[in-house]
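Novice: Spelled out from the first residue to the last, the chains are:
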Amino acid sequence: EPEVTQTPSHQVTQMGQEVILRCVPISNHLYFYWYRQILGQKVEFLVSFYNNEISEKSEIFDDQFSVERPDGSNFTLKIRSTKLEDSAMYFCASSRGKNNEKLFFGSGTQLSVL
Amino acid sequence: AQSVTQLDSQVPVFEEAPVELRCNYSSSVSVYLFWYVQYPNQGLQLLLKYLSGSTLVKGINGFEAEFNKSQTSFHLRKPSVHISDTAEYFCAVRPYTGGFKTIFGAGTRLFVKA
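Taken in order, these protein sequences are the chains called A and B. The first sequence begins at 521 in this note's numbering and counts up one residue at a time. The second sequence begins at 973 in this note's numbering and counts up one residue at a time.
Hints are computed from structural coordinates only; laboratory data are not their basis. Glycine included, every Cβ here is placed at the ideal spot set by N, Cα and C. Incorrect hints may have been included.
[Claimed, not checked] Residues from chain B that face chain A, not an exhaustive set, calculated with beta carbons under 8 Å:
hint : residue
1    : 1015
2    : 1016
3    : 1018
4    : 1021
5    : 1062
6    : 1072
7    : 1073
8    : 1076
9    : 1078
Next up, chain B with everything else stripped away, as it sits in the complex (with noise of 0.2 Å):
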């Protein structure tokens, strides 16, 4: 079975300040790492996702996120949010094999103030 973990249920940023938003997860099989986000009255989108190879991935919007194996970590992050990043932000994990289903963090809700 797997499961995720968001550390926090809400990040306030000032605009064009970093921000990291914190992911953990728990799986016994190998899994592939996704981040999602879903903007007010609308579903949700990929940001980025993890499959293999190099740790560092690069998303959408300047968004990056680094896998961390021995930590069992992808933390998304971002140099300068904008307004517009306002959204709430799901971690997900999904397995290589054996299953259908991904699942999803309880979010993040990212809040950038001007």
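Isolated chain A, as found in the complex (with noise of 0.2 Å):
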């Protein structure tokens, strides 16, 4: 079965820097999507991206966040001044359709800010 991949597998950086999460969706996939999932906690929806565009995101995707399909494969999500509470996985998805098809999770980044 065709796979999300998603690089680094870890990823640790300082309180204030950037950091940029890279995934590879599946190639026929329309829509992508990053969830993060806090130790211990629910996974949280970030943001869905269709079209070139940011179709739907939650509250915590504030202006720190941001989301980029620079080429035809990639989709990255940027961090751009990590705080500790940011420290967690990070999912990506992708799926071929919108509201009845499934999500193909890559097997995250974990995220550690210090």
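Reassemble the complex: the two chains are provided individually, in unrelated frames, and hints are given to aid placement.
Specialist: Next up, the structure:
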């Protein structure tokens, strides 16, 4: 089965630094997402991306966050100035269609902000 | 808005015993219902989904779930578990229309003992 790939698997950064988390969604998928899971808490929706623009975002996705699809294959999440509370597992996901389609998740990037 | 409640944070069970993981949801609109599984150090994988029709849906690895509209529940069951079923299980909902995000429950850790 095709896979969503995420790099790096672990990222350690200092508070205030910028980080970019990278994802390669499944090639024929049209919808792309970022979710995060703080240790011991729910998987939380951050943002969805379709047709080269943000289609929906949560209240977590503030001005410190941005997403980009710089070419035909990559989908990135940038955190401009990391905070301690940004430490979490970040999951990229993609889907072929919208509402009734399953999400294909990557294995995640564990971000640790020190 | 939607919310998902998974009533048990951890469920220990002996191998070959039956198991039920409980999920209740609330939503002001019609939703699709999903169960995802997360094995250690991996992303989430879809176990099964309910879109419409028969309220009993069968998924991978011998799991099934029953949608109960009156009780707004979508409990996951397996008649006989294996050690390899040890994982985190997430119930999730997604609106029929008007939104891109999937709302997840807090997860239930299934621990299968020999």
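Novice: Work down the list of hints and note, for each, if the structure agrees.
Specialist: Now for the hints, and whether the structure bears them out:
{"no.": "1", "hint": "1015", "verdict": "holds (3 Å)"}
{"no.": "2", "hint": "1016", "verdict": "holds (4 Å)"}
{"no.": "3", "hint": "1018", "verdict": "holds (4 Å)"}
{"no.": "4", "hint": "1021", "verdict": "holds (6 Å)"}
{"no.": "5", "hint": "1062", "verdict": "holds (6 Å)"}
{"no.": "6", "hint": "1072", "verdict": "holds (4 Å)"}
{"no.": "7", "hint": "1073", "verdict": "holds (4 Å)"}
{"no.": "8", "hint": "1076", "verdict": "holds (4 Å)"}
{"no.": "9", "hint": "1078", "verdict": "holds (5 Å)"}
No hint from the list above goes unmet by this structure.
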